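Novice: Given next are the chains, with one letter for each unit.
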Amino acid sequence: MRHTISVLVENKFGVLSRISGLFSGRGYNIESLSVGETIDPQVSIMTIVTTGDDWVIEQITKQLNKLIDVIKVTDMTELDHVEREMVLLKVSPKQEHKAEVLNIAGIFRGRIVDSSQKTYTIEITGDEKKIEAFVELMRPMGIKEFVRTGKVAITREGVKKK
Amino acid sequence: MHTKITGAEILVESLKKEGVKYIFGYPGGVVLNIFDVLYEHKDLHLILTRHEQGAVHAADGFARASGKTGVALVTSGPGATNTVTGIATASMDSIPMVVFSGQVPTMLIGNDAFQEADIVGITRPCTKYNFLVKDVNDLSRIIKEAFYIASTGRPGPVLIDLPKDVTVGKADFVWPELEMRSYKPTYEGNKWMISQAAQLMAKSKKPVIIAGGGVIISGAAKELKELAEHTDIPVTMTLMGLGGFPGSHKLSLGMLGMHGTYYANKAVQDSDLIIAVGMRFDDRVTGKVDAFAPHAKIVHIDIDPTSIKKNVRVDVPVVGDVKRVLTVMNKVLKEEIKEQWDEVRKAWLKQIDAWRAERPMSYTHSEEIIKPQFVVEKIYELTKGDAIITTEVGQNQMWTAQFYKFDKPRTLLTSGGLGTMGYGFPAAIGAQFAHPEKLVIDVAGDGSIQMNIQELATAVINKLPVKVAILNNRFLGMVRQWQELFFDERYSHTKLNDVVPDFVKIAEAYGAVGLRATKPSEVEPVLKEAFRIKKTVFMDFIVDWKEKVYPMVPAGAPIDQMLFEQEKKPEKKLKAVK
Ligand SMILES: Cc1cc2nc3c(=O)[nH]c(=O)nc-3n(C[C@H](O)[C@H](O)[C@H](O)COP(=O)(O)OP(=O)(O)OC[C@H]3O[C@@H](n4cnc5c(N)ncnc54)[C@H](O)[C@@H]3O)c2cc1C
Ligand SMILES: Cc1ncc(C[n+]2csc(CCOP(=O)(O)OP(=O)(O)O)c2C)c(N)n1
Ligand SMILES: [Mg+2]
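Residue numbers (the numbering used here), protein chains in the order written: chain Y, 1425 to 1586; chain R, 300 to 877.
Simulated from the structure, these hints should not be mistaken for laboratory data.
If a hint is listed, it holds; no wrong ones were tucked in.
In silico SDA-like pairs for lysine to any residue, Cα to Cα no more than 25 Å straight-line:
hint, chain 1, residue 1, chain 2, residue 2
1, Y, Lys1490, R, Lys609
2, R, Lys587, R, Leu862
3, R, Lys609, Y, Arg1442
4, R, Lys483, Y, Val1459
5, R, Lys433, Y, Val1467
6, R, Lys633, R, Pro545
7, Y, Lys1436, R, Asp603
These numbers come from a predicted model, not from an experiment.
I would like the entire structure built from these sequences, with the hints used as guidance.
Specialist: What follows is the structure in structure tokens.
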């Protein structure tokens, strides 16, 4: 099963490589990983999306906790939470599709962040389902480039265990 | 106002604060200034080994023998990379150690400078933690953290990389308070889990305790003995657990696993309850995991949550320090559970005795040719178990585990997890520094001893009466054994006797003493002579090359499907699984 794990870490040199080394060294999957500072600049938060059965996920969380620089590990999947990811997508639609591209972007509350004679660059934010749906609709329009940030996640207030 | 001192001086002051007396090391360009501070220092002694790997194993042997943190110091580049095997060895066996490596100046890092190696990157997966010091003002704090991390929780090696400009730079010496929000080992076990475990012990008809290296690390031999004796539960040990419970005790089943005793493996496989104490269910212990102890509930006590439910299912996990957990458990058992333990256990212990009688640990003695097991038995007989034994890796190691009864913790120092040939001799040197008055013996193989034989110089110069008993079978015996059993006796590159060096002459060339025994009748006199001489002694025992380590569980088989001496070849179905 797929899990989204939030890892609060000391913002120190080498932390990222400790975490990625843990995953590669022990043969765990990383689907995506995003890192950024928190409000406290000495602390960073990593959001890792990984897959594995319960046995593996339990080892992953324990192994993460064991790392000296890790302050806290939260398996978001077990909690009520919000997930978001941002995607930048460059399309070069045929003339007759241009209007449709803008239309779809509008429906998905995307923003046109760059445009040229031949292309539009669209920024879109959402959970996985929304992004997938958007990409599917854009595919026939001629996607030239596609980048994504990887997921970030935050618990909902009044957190309940699922 | 303090006067500022150099990083090198801060290093030395910090080590003194940590109570360090010996540093095992090797010099080089970027650590010259540190070596200069250590020159003729009266409290801190640098022990010059003849290879950095030797230095790290010596620090490791010192740590295992004393329970204190071992310290090594090496130069950058090749000096640093030479420590990797030693660090990985310590890491696999959870040994507290701090290794200092020199590094090129901060300004040059990343430039492929002369003798630059990214040792922090290289050792990241085989240290508990490592540091690159970027500012001399951080140095004392980092050293304090390093010693704390190395020696607490599940211990392990920590490396500190010291760029030249940091050790040359100056700062005030401040010995800071420790403050680490992200590292807090769990020592106290959950009380409810502990009573669950006690309840299971009361209900169980066929329980077994498996004691591991954690018992020794935790210093819990007394508590373990109390537990076993109070509840009359038999105890088997992993290789790393030997000495954690007296090997000569009537409840001891000796070692379990691939080369464990028949009765230990039988007991585990037949048990209805396993109490795993500070051990990690290594594959050498479990054999085929799916077939491991099929009827048993498992209680697992370990300070490291990742050890629990890593390899086997666990019914009652207890995260905590063995000593503290067992103290509470003993109390619960005595105060809350009324049970006539000896009555309950009678049938089970009788069954185990039957297994013991059926297949005792044995070998066939010879009057003509020295059996390696005979040498180990004689060492036990003559020392009465009062010695520190180190081993190399291979058959020599297994025979030592099988035929020497370790009664006390920290008397067997062996590379279990990594299985590092070349470990035993430098480790013996380190152990002798920790216990100058004790008899320290490395039981060696003719292959392994050649991996760090240069440390003869270290032993001789420091007048260490370390003894090395080479079980000389002219083969990489353990590998040869597998070739005999599983590869149709095709001895591909395991034969050493094309050039087998004269170990007696090698010893003498270094200024040590060399002795040799070629007949069984010479074994005892040679050992007695070696123990009498207060010098480094190599003993070359020319043993039967055909001898194999039995019993043996072929890789991938359940641990009660063992091969024994009488059975010449394994059946097809037991062929090694690669
Ligand atoms: C040639 C060869 C053959 C071998 N054959 C065998 C064999 O037949 N049988 C065998 O048993 N081994 C054998 N080994 C050794 C094997 O590879 C492992 O090293 C060994 O089984 C591990 O022992 P352990 O489980 O006690 O773990 P260790 O490596 O000693 O680990 C200690 C455990 O205790 C925990 N711990 C540490 N401190 C504490 C504390 N204070 N409180 C609580 N828990 C703590 C740690 O977290 C860890 O889980 C062999 C090795 C070699 C090289
Ligand atoms: C550094 C290293 N290289 C290779 C091995 C694989 N290995 C395990 S046992 C062994 C043979 C050891 O030979 P020897 O020291 O003579 O011991 P014996 O088994 O003959 O007692 C080898 C090569 C190892 N454990 N360590
Ligand atoms: Mg040999």
